[in-house]
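If you want the building blocks of each chain, they are given just below.
2 protein chains.
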Amino acid sequence: MTPAKWWLVCSECGKTRDAAGLPTLCDACQSPWLVRYAAPPPPAAKQALADRPWSMWRYHEWLPVHDGESPVTLGEGMTPLVPAPALARAHGVAEVWIKDESVNPTYSFKARGLAAAVTRAKAGGAVRLTVPTAGNAGVALSAYGRSAGLPTDVFAPKTTPLRILEQIQVYGARLELLDGHIGDCGKRARAFAEQEGGFDVSTLKEPYRIEGKKTLGLELAEQFGWDLPDAIIYPTGGGTGLIGMWKCFNELRSAGWVEGRSPRLFAVQSTGCAPVVKAFELQESRTTPWPNPETVASGLRVPAPLGGALSLRALRETGGGAVAVPDRQLIAAARQMAHTAAIDASPEGGATLAALERLRETEAIQADHRVVLFNTGAGWLYR
Amino acid sequence: MTPAKWWLVCSECGKTRDAAGLPTLCDACQSPWLVRYAAPPPPAAKQALADRPWSMWRYHEWLPVHDGESPVTLGEGMTPLVPAPALARAHGVAEVWIKDESVNPTYSFKARGLAAAVTRAKAGGAVRLTVPTAGNAGVALSAYGRSAGLPTDVFAPKTTPLRILEQIQVYGARLELLDGHIGDCGKRARAFAEQEGGFDVSTLKEPYRIEGKKTLGLELAEQFGWDLPDAIIYPTGGGTGLIGMWKCFNELRSAGWVEGRSPRLFAVQSTGCAPVVKAFELQESRTTPWPNPETVASGLRVPAPLGGALSLRALRETGGGAVAVPDRQLIAAARQMAHTAAIDASPEGGATLAALERLRETEAIQADHRVVLFNTGAGWLYR
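Each protein sequence line maps, in turn, to chains A and B. Those letters in the first sequence? Residues 1 to 383, by this note's numbering. Those letters in the second sequence? Residues 1 to 383, by this note's numbering.
For the record, the hints were derived by calculation from the structure and aren't laboratory data. All values derive from a computational prediction rather than experimental measurement. Treat the hints with care, since some could be wrong.
[As the list claims (entries may be wrong)] Using C-beta positions, here's what the derived DEER-type ranges look like: (1) A:Ala-39 x B:His-66: 38 to 48 Å; (2) B:Gly-197 x A:Glu-69: 55 to 65 Å; (3) B:Arg-188 x A:Asp-67: 51 to 61 Å; (4) B:Arg-188 x A:His-339: 18 to 28 Å; (5) A:Arg-188 x B:Gly-197: 55 to 65 Å; (6) A:Gly-125 x B:Arg-328: 38 to 48 Å; (7) B:Gly-92 x A:Gly-68: 20 to 30 Å; (8) B:Ser-70 x A:His-339: 17 to 27 Å; (9) B:Glu-196 x A:Gln-169: 38 to 48 Å.
Yeah, the Cβ is synthetic: ideal placement off N, Cα and C, and Gly gets one too.
Kindly produce the complete structure, drawing on both the sequences and the hints.
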């Protein structure tokens, strides 16, 4: 019998299990599982990347797919890394690059995590999928669920931008609008899933969205010629991308694919919903639910992220940090990204530029740094 | 002195000239120039593609850039080629693939042509850019003009979908709305350009948009392992992509990069504006201006394409054809693309699926064919 390519390890209590079926949370402590691979590919495997198809699945040795298995894919990943020399000059740093995740199927970074989660959910026997969403994850699940041929139910706050709600329905998902925030939608999604036999692909409630998001880190590494940047500013709602990149950089370093320290990871949130920033500043190891979360950056309206503890570890272990910016600043910065770098940034993407200004003031990011900002989705979805 | 990498040949009278300055149309006969390269790269150069940056500029030997010159780029190209087995079954053909050009900066195929045109216009000394547009070219010029640091004026029909008009303004272009169609906008753009010193990057009025669009063909070739598909269905407004792919496949065959016959190129238009289809059916060598052009597929509302004669040559030389489909069919087919292939197709993209049905009925496309449909832009821009 071939040994398994991967298994699961609880991020909190260290319990392990195999990957059979449809794993959700650790049955001992209800914390997220993380995927552990038996044999990371050797650095020589970099050479093989060249001839692979143009999607994140070209890194399949690092991802939860079996040899010869076809993933559910719409060509997600391989997004542009756009130099922004005018922003580098304006903020007095060596280099600024924008990783433009709006150039993805379904127009946001959510494509990566959902492609991975839907691939494994389908393989594990799911017959119906559901997700609570602050926005773009619902769009992505609608498309990937359709691509997998599985019916999909999406639960979103009534306050979600109208175009995101419209886009969720384009691919054919059933959409249910609810009062409250993503946490309230999560409760309804769980109840619905239990009642109707759906599988819930909420952030960190299954182990594979993180693996898809890990490709953000793999791509940065490859695009920079396996020489990682100094600092990454990432808009943090659920935190899957932050955790995914942290996991990715650790895996790449252990496997000898990259050398040197991990990039400093900086989380940016809105002052209207900043549980990770608050916990970081108070030196706590977990987040406290944010009362009355309010922000136009709907992807940041996550008052009690399940990945809060892991996000905080990612920030601290990499020597990074966390900043909150008011909505008016992140909106202005999104416009500035369009006008200086010709990128149609989402409010969340704009937040990273607003954060750069703050992090330069405090010298957390230094003049000789190579900095990456993440535009996580398309600006038009919020207009 | 190094010999020039490329020069220009008139597509009609065969006159040649060098590429200095800002070439527009042939000064002898007012027909479009085509780029001719001194030395196409040998097939062994395929190996070098692997390590190149992730954009259409990885094919730089085939493109109008000098060694070491930095193009104006937002990471355009390397778009997904998505298999659509359900559509292949439904239409009784061996394979259907959708080249999803909505996964581009500015959300359409126009990014390719405008990146090339703006790169050369800037290098040639242009200080201001202008374009008449049926829609997405205006969005692309707004972004690439901004990326090049050049002010941009866009002229569009009042009937252009509102979200396209909004998107043109996102990157900072000045937008002027006019009565009439793209031809009327072209007159105003020319007058404005003469008066204000702008350079007009209209379809085929300069020789480089075709070169950018050529990368559609290069990418298909590479994505299919240098084994070209049997048939390509392409929504044809101005025709730049059709002409670009025809030119590309001829260049690839002469250089020994691919073997065998060219893919059959099929143009699809709306029955509300079908000058290329009409001329093809009447076996004419040029198009006749279409009176009262009307279609929801704004990119197809081009009643008198400057590239009409070249488009007709491309269709005939490749053994392809041309079909017109009514708006209600192309709209329904766009919805079908979202619901079967999870691709948010534009009306123009939908038209290619409606055309497939027609081309199967007439057996112009046969059961053993590998067929590529082009989704040229994002559906949301039209809602």
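Unsatisfied constraints (hint numbers, rising): none
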